[in-house]
Amino acid sequence: MQYSSQAVAKPYFVAAIGLFVGQIIFGLIMGLQYVIGDFLFPAIPFNVARMVHTNLLIVWLLFGFMGAAYYLVPEESETELWSPKLAIILFWVFLVAGALTVVGYLAVPYATLAKMTGNDLLETMGREFLEQPLPTKIGIVVVALAFLFNITMTVLKGRKTAITSVLLLGLWGLAIFFLFAFYNPVNIVLDKMFWWYVVHLWVEGVWELILGAMLAFVLIKITGVDREVIEKWLYVIITLTLVTGLLGTGHHYFWIGTPEYWQWVGSVFSALEPIPFFALTVFAFNMVNRRRREHPNKAATLWALGTGVMSFLGAGVWGFLHTLAPVNYYTHGSQITAAHGHMAFYGAYVMVNLTMISYAMPLLRGRQANSEKSQVLEMWSFWLMTVSMVFITLFLTAAGILQIWLQRLASDPQPFMVVQDQVSLFYWMREWAGVIFLIGLLAYLASFFVGGRPAEARAS
Amino acid sequence: MSSSRTSSSSLVLSTPRVLQGDIAVWIFLLAELLAFGVFFLAYAFARARNPGLFDAEQAGLDRQSGLINTLLLVSSSALVAQAVAVVRRAGADASQRAAAALLGAIACGLGFIVVKGHEYAAHFAAGMELSSSTFSMFYLGLTGFHFFHVVLGLVVLVVLWRQTAAGVYRPGDANGLESGAAYWHMVDLVWLVLFPLVYVMH
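Residue numbers (the working numbering), protein chains in the order written: chain F, 1 to 460; chain X, 1 to 202.
Derived from the structure by calculation, the hints contain no laboratory data.
Check the hints yourself; a few may be wrong.
[Claimed, not checked] List time: in silico EDC-like cross-link candidates among lysine to aspartate or glutamate, alpha-carbon distance up to 20 Å:
(1) F/LYS232 - X/ASP55
(2) F/LYS232 - X/ASP173
(3) F/LYS192 - F/GLU128
Assemble the whole structure, with the sequences as input and the hints as a guide.
Given below as structure tokens:
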């Protein structure tokens, strides 16, 4: 750690991992509810478990992004953070707001929560992923703006690099597109159309810029490859991302009541969306192969390479699988979507955050890298989580194919719930893969508590 | 790329067949060409499913304007190529002559915008929209997407023109100029496929 203010990243990373554990527990609960419908009913109904599972994911990824920004911006800008105190205050505001929101979801019925939090004043609730009560949404905007102010001021007073520019573009985009969460037209077509401005333009737009910047930063640090080379790749990747991802929004406009041309625009541009992810994979491997030093943090290198591969598979390949309009006509809203969602979020955003945490946490704790023993455990957790996620994806894909066949394609189509019963074997297998994922996550947590002599750099 | 070359940091300037312009720009251009290519394929599929509609609506297009625009873009591309060649050969007031060629290229590009703008004005006055028919969707989508590329290309050309006039580019040190030129040729190349495909072939 070169600047003392980078230390504010630490609580963000700790909170991120804590919420990650919560997310996985709720994932296992709802995974079980798929096959044992009344499990924990009425205490935690399925819709609430699902809301907590997805909302915790988003919130912990945001904690990770903010922690990453607080860590890498001072180092890139070669100056202390504009205000470390503001960063710490925002941390507590965001954490308490997030915790209260989850308590609200679990403690009272959703409709009551809506009434209690002034949803009649401005109706924003009740939409998938944007379920947060109005005060939480306003809180997110306030925290995001203050955070951006802090980061932007730091960048302005220090050195400007491609990495901080791309990161800032991504973070500002994240905040701006979230504003569409407050726009809730009565016309349901327009409602859905603008809802995707938040959801799609986050994960297939501006978040990819944040991902690119974070990965580029870690790769510079662990490989020692020239900044010029890495920055050039970063520019190519973000250009490809924006060219394909922005108009790729069209793949959500096939069947919501928007004009037919969206089927062409959405199919063509989203079919090209795997390209930036492929470039990301080639980039990560290329840089590691051309490394000029042997960084002692092997675990961080593994996570960085894993991000490239898994984001390409999850976001790129599994996205392409059902993105063409004639295919999506049959697969829409099936378990194929769930399969894609799991591997894409894990491969791209979970893994890039874990890459950053893996690289930065040892430095924040006063050493260049963890002990060999600790790293071996962390690498075990990498393989346990990654392989079990591959299986979760495969089982859901199998469930999805079967579901589409029985429910939509067969000569004698069957009702939804009848089909759900017939694919339950795959849901069971998915649940067991989820248990392995939790074990991997626990191993990951344990790796933070394994001591020993820090690993040292070897001359290459 | 051989590892022996990358390991030494010296630049190889005298290699006879070295890629002109920046490798990153070329990757970008290939992605652009891929996007247009996929759209051309989609056009072919859509037309094959409804040739009657496509032939009927294609007859309503202004081929003369299309031809003028083709000539404008080809001339513009040639002038840009000439500017690159002049800079590379160096010689007396190379920068000024190259800048003049670029200015000519910009004028041709602006001509394209004016002609295309007239065409669009006529179409819109006649009530054409993206959703009026499959053909109009493709016509407006493809030419519109290309139109934005021309506009972006013109911005690039203006920057190149100012830089060239200021004498920034020299033989062996014209990466920016070559990269921008490659982009403009790509815009031209796409039109050379688009024009016959959408305006003429039936």
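Review point. Which of the numbered hints above does this structure break?
Key: 1
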